[in-house]
Each structure stands twice: as structure tokens, then as C-alpha cells.
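Participant: If you want the building blocks of each chain, they are given just below.
There are 2 protein chains.
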Amino acid sequence: MNTDPLGRFHCVIPAGGVGTRLWPLSRAAAPKFLHDLTGSGTTLIRATYDRLAPLVGDRVMVVTGQAHRLAVLGQLPELDDHNLVLESEPKDSAAAIGLAAAILHRRDPETIMGSFAADQVIGPVDVFQQAVREAVCTAATGKIVTIGIRPTVASTAFGYIRRGERLDVPGAPSATHVVEFVEKPDEEVARGYVENGDYFWNAGMFVAPVSLMLAHLERNEPELHAGIVEIAEAWDTAGRDETMDRVWPGLPKIAIDYAVAEPAAAVGDVAMIPGLFTWDDVGDFAAIGRLNPASENSRMTVLGEGARVYSDRASGVVVSDTKRVIALIGIEDVVIVDTPDALLVTTKEHAQSVKEAVAALKASGDVDVL
Amino acid sequence: MNTDPLGRFHCVIPAGGVGTRLWPLSRAAAPKFLHDLTGSGTTLIRATYDRLAPLVGDRVMVVTGQAHRLAVLGQLPELDDHNLVLESEPKDSAAAIGLAAAILHRRDPETIMGSFAADQVIGPVDVFQQAVREAVCTAATGKIVTIGIRPTVASTAFGYIRRGERLDVPGAPSATHVVEFVEKPDEEVARGYVENGDYFWNAGMFVAPVSLMLAHLERNEPELHAGIVEIAEAWDTAGRDETMDRVWPGLPKIAIDYAVAEPAAAVGDVAMIPGLFTWDDVGDFAAIGRLNPASENSRMTVLGEGARVYSDRASGVVVSDTKRVIALIGIEDVVIVDTPDALLVTTKEHAQSVKEAVAALKASGDVDVL
Chain Y
1 MNTDPLGRFH CVIPAGGVGT RLWPLSRAAA PKFLHDLTGS GTTLIRATYD
51 RLAPLVGDRV MVVTGQAHRL AVLGQLPELD DHNLVLESEP KDSAAAIGLA
101 AAILHRRDPE TIMGSFAADQ VIGPVDVFQQ AVREAVCTAA TGKIVTIGIR
151 PTVASTAFGY IRRGERLDVP GAPSATHVVE FVEKPDEEVA RGYVENGDYF
201 WNAGMFVAPV SLMLAHLERN EPELHAGIVE IAEAWDTAGR DETMDRVWPG
251 LPKIAIDYAV AEPAAAVGDV AMIPGLFTWD DVGDFAAIGR LNPASENSRM
301 TVLGEGARVY SDRASGVVVS DTKRVIALIG IEDVVIVDTP DALLVTTKEH
351 AQSVKEAVAA LKASGDVDVL
Chain L
1 MNTDPLGRFH CVIPAGGVGT RLWPLSRAAA PKFLHDLTGS GTTLIRATYD
51 RLAPLVGDRV MVVTGQAHRL AVLGQLPELD DHNLVLESEP KDSAAAIGLA
101 AAILHRRDPE TIMGSFAADQ VIGPVDVFQQ AVREAVCTAA TGKIVTIGIR
151 PTVASTAFGY IRRGERLDVP GAPSATHVVE FVEKPDEEVA RGYVENGDYF
201 WNAGMFVAPV SLMLAHLERN EPELHAGIVE IAEAWDTAGR DETMDRVWPG
251 LPKIAIDYAV AEPAAAVGDV AMIPGLFTWD DVGDFAAIGR LNPASENSRM
301 TVLGEGARVY SDRASGVVVS DTKRVIALIG IEDVVIVDTP DALLVTTKEH
351 AQSVKEAVAA LKASGDVDVL
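So the sequence lines, in the order shown, correspond to chains Y and L. In terms of this note's numbering, the first sequence opens at residue 1 and continues consecutively. In terms of this note's numbering, the second sequence opens at residue 1 and continues consecutively.
Hints are computed from structural coordinates only; laboratory data are not their basis. Treat the hints with care, since some could be wrong.
Sample of chain L residues lacking proximity to chain Y, with all beta carbon distances greater than 12 Å (derived) [to be verified]:
| no. | residue |
| --- | --- |
| 1 | 40 |
| 2 | 69 |
| 3 | 124 |
| 4 | 155 |
| 5 | 166 |
| 6 | 194 |
| 7 | 255 |
| 8 | 268 |
| 9 | 280 |
| 10 | 287 |
| 11 | 298 |
| 12 | 332 |
| 13 | 333 |
| 14 | 338 |
| 15 | 342 |
| 16 | 368 |
So, partial list: chain Y residues that the calculated Cβ filter (under 10 Å) puts toward chain L [what the hints assert, rightly or not]:
| no. | residue |
| --- | --- |
| 17 | 310 |
| 18 | 312 |
| 19 | 329 |
| 20 | 330 |
| 21 | 349 |
| 22 | 351 |
| 23 | 353 |
| 24 | 360 |
| 25 | 369 |
Note that beta-carbon positions come from the ideal geometry of N, C-alpha and C, so glycine has one too.
When you get a sec, could you build the whole thing from the sequences and use the hints?
Facilitator: Here it is in C-alpha cells:
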């Protein structure tokens with residue numbers, strides 16, 4: 001056993017989720033994590049990898065859909081085939097993260113894993129990395145550790161983590177117990193959480209010994225656990241594809257929060273490190289404006305290589321995935337997303353409603369553009 | 001000489017003007033008159049021809065740019081080559097209408113001509129035609145006759161015609177003298193004009209004996225007159241192209257209003273017939289909303305074959321020249337014009353400012369989309 005917990009730390013990057021509220025930029029064939037949404041010149045998945053690599057080197061596993069294999073390898077050419085888990089169909093986060101845990105456990109049962117979604121924007125990187133280091137040290141004491149984000153607004157879009165008493169972990173001075181996970185609140189409740197100071201956003205970041213993850217999964221979702229263990233046993237053998245194809249489609253669909261995090265918190269197995277970095281899940285196009293520092297001195301945020309935008313008394317966000325000239329006149333807080341086969345025009349205020357538009361297009365049979 | 005003035009009546013359709021405020025739909029390569037802007041299934045130039053044909057049969061001449069030859073013939077296949085005047089470069093309305101007058105005069109000096117722009121929307125057609133008939137009867141008494149449009153709002157976008165005493169012309173009970181033409185007024189002055197009742201919009205419709213048009217042109221613009229007469233003499237001969245190419249580029253650029261109408265009014269040679277039909281010059285995209293009856297019961301006017309528009313809490317005008325899906329969410333009175341190489345997003349209120357956008361694009365070198 002490696003006595004430095006960081007030496008047995010592996011990262012898992014679940015790269016799922018279409019990012020419906022970012023349609024038509026993000027869509028089934030080109031989901032959110034494959035885009036550069038911050039004007040940094042880097043896709044979100046590549047930025048996620050680069051943020052973790054200083055901690056784990058090449059000990060990174062990615063879980064994504066089969067359709068995204070080439071795109072992911074294009075972004076992460078250093079990724080080994082054995083560390084790319086391809087889902088034939090989406091099975092929610094418990095199956096994705098659970099299978100990664102089972103594969104890592106089979107390779108080394110002492111492994112500590114960290115799961116970090118592929119489509120989040122985080123900075124400064126060193127503050128994030130320090131939080132992860134604390135989380136790893138805390139996980140080594142036998143905890144499932146979540147990194148909670150200090151809320152900046154009374155958001156109703158996230159679940160919250162209620163932290164408890166301080167833990168006393170060497171190398172993790174800010175570690176605390178977690179009392180409970182709470183569902184997305186209404187606005188009044190959210191305001192109370194922010195004032196209280198003990199509530200943090202649940203960003204879905206988990207660091208834990210793989211053995212502990214699997215133990216909770218076995219207790220709460222025995223069928224799911226049996227399936228992923230069967231796949232994991234075949235993973236580094238010639239039987240990988242056959243087993244995956246046979247077992248995966250039958251796995252139950254459940255979120256890791258329900259399958260592991262909440263029941264584990266109930267028995268006192270969950271700890272938290274406060275994440276004091278800035279964090280954004282780029283939930284909608286209004287976020288694009290916030291996240292593009294280039295736009296600080298301009299009323300118009302423009303994303304897209306070779307975008308040709310003319311604006312007159314206009315403000316907002318333009319995402320251009322074409323080389324068309326876009327002329328905007330006399331329109332405030334607009335959101336325009338221009339792609340070869342679909343155009344979205346809305347406002348920052350209505351950015352959340354893009355989800356319903358996608359649902360309506362789906363219902364009306366316009367699936368070619370989804 | 002044909003004693004029925006309608007028997008010697010010929011129509012001229014000047015088809016010039018890009019319609020800059022309708023960019024990017026209307027542009028140098030596909031100007032306004034080549035579009036169906038009313039959802040009627042008919043381009044503006046074809047509708048203009050069809051409105052005049054019952055009065056003149058095939059006695060129609062079109063003046064347009066060389067670049068539009070094929071497009072115009074595509075719209076008006078019945079047009080004879082001898083009645084299609086192609087400008088190698090735009091020379092404003094006095095040269096265009098003057099040359100038509102000179103050609104018609106050379107063929108028959110007793111001809112009465114009527115000039116009607118190719119890009120106006122008019123209805124009901126029988127009311128228009130009755131006004132033209134009155135104008136022709138009045139012209140036959142030796143007048144340049146304009147058809148003035150009764151103003152419906154205090155517009156500052158048009159020049160006005162001030163009518164004078166009633167004339168006593170058989171077959172033209174509503175004919176009056178014209179006291180003067182006045183330039184585009186400011187809003188207060190325009191309100192006064194509308195209340196007064198004797199002011200009409202100048203829609204640029206002129207009906208006149210070609211001999212009288214040419215006499216005024218000779219007096220006011222002798223150089224221009226000499227040039228168009230020289231071209232007209234060669235027009236129906238083998239020397240047409242050579243003469244046109246040699247003489248046209250040197251002609252002075254001046255509007256027919258300054259070269260003929262205003263000076264003719266000053267000497268009492270201009271009469272007016274009030275046009276009691278509805279009239280719209282489709283000056284900007286706000287007009288598209290007004291002119292499409294299909295939209296009466298909808299908050300969204302959609303123009304374009306095969307347009308795929310999804311709208312949620314949105315209103316305005318969409319002109320689609322692509323097959324893209326267009327999703328609009330939470331945006332009122334929007335104007336969206338979607339073409340393969342350029343996209344315009346503005347509001348009805350700012351529809352007039354499209355002109356400045358085009359000027360800015362020109363200045364910045366984005367001429368490929370103009």
C-alpha cells in the first residue's frame with residue numbers, strides 16, 4: 001500500500017449530458033464538454049483534464065457515450081484505451097461512476113478515486129487543486145468526500161450540502177462532516193441557506209476510496225453493484241466488449257447522489273471540503289457572458305472562431321458556429337446562437353427556457369437538429 | 001393619333017434600388033423587387049406588371065441594372081428584348097425614366113407614359129387602375145400627372161405633394177392642379193400636412209405625354225436630354241449597344257423630381273390624381289409585418305418557403321431564406337432575417353437602422369454579403 005494517499009489517487013471524468021439548455025451549440029452529436037465556452041481556446045473536457053493532471057499524471061479515466069469516442073480521444077490523445085469507458089446507452093451517474101470505481105478497485109483495491117464532471121469551469125486552478133488534495137487526505141481516513149461550493153447567490157438550480165462539525169484530518173484543515181444533502185430549494189429557502197453559512201452547492205465532486213464507494217453501492221443498489229463488478233472483472237481481459245454489451249443495458253438507472261452520497265451521509269460516512277474557487281456549470285447561455293473575461297469591457301460577448309459580428313446599440317451573447325455575418329441592432333441582453341442548421345434567438349433572462357424549446361422540437365419531430 | 005388616350009398609354013417600370021433597409025434579404029445581387037415580401041407567392045416586380053397589364057397589355061418597358069437581366073426576364077418572360085433597358089451603371093431616375101421616354105417618343109411621339117416603381121405594394125388593384133385611368137386622361141390634356149397617396153400617418157419618410165384647384169378633365173373627376181412638391185418634413189410639419197388634407201405622399205408615380213417629359217428635361221437638363229435622345233435614336237437599330245455603352249456612363253445623375261417634376265410644377269404643368277388605394281413602399285422589415293395578412297391572427301409573421309420556426313413568448317417578423325430551424329424565446333417585436341451568409345437580428349422599432357448597418361459593413365470591407 002502506498003502510504004501517500006495522493007500516490008494512489010485516480011481521477012474519473014464522467015463526460016455525459018447533452019447540455020440541453022445550451023442548444024443548438026451543445027447537442028447529442030456535440031455535447032457541452034466538447035465546446036470551448038469560455039473563449040480560452042480549450043474545450044471544457046480538455047480544461048478538466050489539464051486541471052487534474054498535475055495531481056494524478058495519466059491516472060485519468062473518462063466515461064462517455066460510444067458516439068463521442070473519437071471526439072474525446074481527439075481532445076485527450078494521451079488517454080489510454082483501457083481508461084476510456086464507452087457507454088452504449090446512458091445509465092445515469094451511479095452506473096458510470098460505479099463502473100469506474102469497480103475497474104479501479106480490481107486493479108488496486110486501495111485506490112482513492114475522484115470524480116469530476118467534464119463540463120465545469122473552475123478557477124483559480126491552484127485553489128481547486130488544494131481542495132482536491134485535502135479531499136484525498138480526508139478520503140484516506142475512510143470517508144466519501146465531496147467538495148462543496150460556497151454559494152455566491154441564492155441559487156435554486158443546485159442541491160445543497162449541509163456541513164457539520166470540523167474533522168481533524170492531517171493535511172485537510174478545512175475538512176468537516178456532512179450532515180445531509182438537500183434537494184434544490186425554492187428561493188426563500190435558498191436565501192436562508194446562503195445566510196446560514198453552513199450550506200454549500202453540491203457540484204457532484206466526490207473523492208473516496210473505491211472500496212467504500214462500492215460498499216455503499218452494494219448495500220443500496222445490489223443489482224447495479226453486481227453488474228458493474230461483472231463488467232470490471234472482464235475489463236482488462238479479452239472479454240471486455242462482450243461483457244459490457246451483455247450486462248450494461250440491463251443496469252438500473254440511478255443518480256450517484258441517491259445510490260451512494262445521501263445514504264452514506266445518513267450513516268456519517270461523508271465529509272466535505274469547502275471549495276473556495278469560482279465554479280460554474282455553464283448551465284445556460286447567460287453563463288457564457290459571465291465566463292468570458294474578454295467581454296468585460298464590451299457589451300457584447302462573442303464566441304466563435306472567425307465570427308463576424310456587427311452590433312449597434314446591442315448587448316448580450318453571440319455564439320457563432322458559422323462564418324456568417326451577424327448584424328444586431330437595438331436589442332439588449334440578447335442571446336444568439338448561430339449554427340449551420342439551427343438558430344436560437346432569446347434573451348439572457350429566458351436562457352433557462354431553451355430546455356423547453358428542445359423538448360418542443362423533439363415532440364414536433366425536428367430531431368435532425370437536436 | 002389614337003384618340004383614346006389609353007390606347008397610346010405605355011408603362012415604364014424602373015427596377016432599381018437595392019432596398020438597403022431590407023438587407024440581408026434584399027441586396028445588390030437580389031434587390032427588393034425580386035422578392036415576395038407579402039406572402040402572396042409573387043415577387044414585387046411581377047405584381048407590378050400584373051397590376052398594369054390590364055391597362056396596357058404588353059406595352060411595358062422595364063429599366064434595370066445589367067446584373068438583373070436574367071432575373072427580370074425570369075419574372076417577366078413576356079417582356080420583349082426591345083423593352084428591356086439595361087443600365088451598365090446606376091444613373092438615378094431622370095436618366096432611367098428619361099431614356100424610356102425618349103425611346104417611346106421616337107417610336108410614337110404621341111405616346112403617354114406612366115412610370116411605376118417595381119417595388120411597391122398596392123391594393124385594391126381596381127382602385128389603383130381607376131386612378132391610373134384618370135391620370136392618363138389628365139395627361140392627355142398636356143399635364144405631367146402624379147398620383148399622390150393620401151397619408152395615413154404623419155410620415156417623415158416621404159416627400160409630399162400639395163394639391164391645388166380642381167381641374168375639369170373629362171374622365172378624371174378627381175384631377176387637381178399641383179401647387180408644389182415639398183421635401184420630407186419633420187414630424188410636426190408632417191402632422192400639419194395630414195390635418196390640412198391637401199398634402200399627399202409623393203410615391204414617384206408619374207403619367208405624362210413623353211413629349212412633355214422630354215421638353216422639361218431638355219429645358220432643365222440639356223446635357224442629359226441630348227444623351228438620352230442620342231441613345232433613343234440608336235435603340236431600335238444595330239447601333240443600340242455601342243451607343244448605350246458610349247453615352248450612358250457620361251450622363252448626369254439626378255432624380256426625376258428635380259429634373260422634371262418640381263420645375264414643371266413651378267410652371268403649372270403638373271396635375272395630381274389622389275390615390276385612395278393602400279400603398280406601401282416596403283421601406284423596412286416593420287412593413288413586412290403590416291403587409292402579410294396571414295399574420296393577422298398570429299404574433300409572429302413568418303416569410304419563407306419551408307421555414308421552420310419555433311416560438312415561445314415571442315412576437316415579430318421572421319424572414320427565412322434557409323431551411324434552418326429558428327427557435328425564438330421570450331423576445332418581442334423582433335425582426336430576424338436568416339440568409340445563407342448573413343443574419344440580421346433587430347426589432348421593428350429599429351428596422352430603419354438597417355441602412356446604417358449596411359453602411360458600416362461596407363466601410364469595414366464585408367462587401368461579400370451586401
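Participant: Confirm or reject each hint.
Facilitator: Status of each hint after checking the structure:
| no. | hint | verdict |
| --- | --- | --- |
| 1 | 40 | 26 Å, holds |
| 2 | 69 | 27 Å, holds |
| 3 | 124 | 34 Å, holds |
| 4 | 155 | 20 Å, holds |
| 5 | 166 | 45 Å, holds |
| 6 | 194 | 27 Å, holds |
| 7 | 255 | 28 Å, holds |
| 8 | 268 | 45 Å, holds |
| 9 | 280 | 21 Å, holds |
| 10 | 287 | 16 Å, holds |
| 11 | 298 | 17 Å, holds |
| 12 | 332 | 10 Å, violated |
| 13 | 333 | 10 Å, violated |
| 14 | 338 | 6 Å, violated |
| 15 | 342 | 4 Å, violated |
| 16 | 368 | 8 Å, violated |
| 17 | 310 | 6 Å, holds |
| 18 | 312 | 6 Å, holds |
| 19 | 329 | 4 Å, holds |
| 20 | 330 | 3 Å, holds |
| 21 | 349 | 7 Å, holds |
| 22 | 351 | 8 Å, holds |
| 23 | 353 | 5 Å, holds |
| 24 | 360 | 6 Å, holds |
| 25 | 369 | 5 Å, holds |
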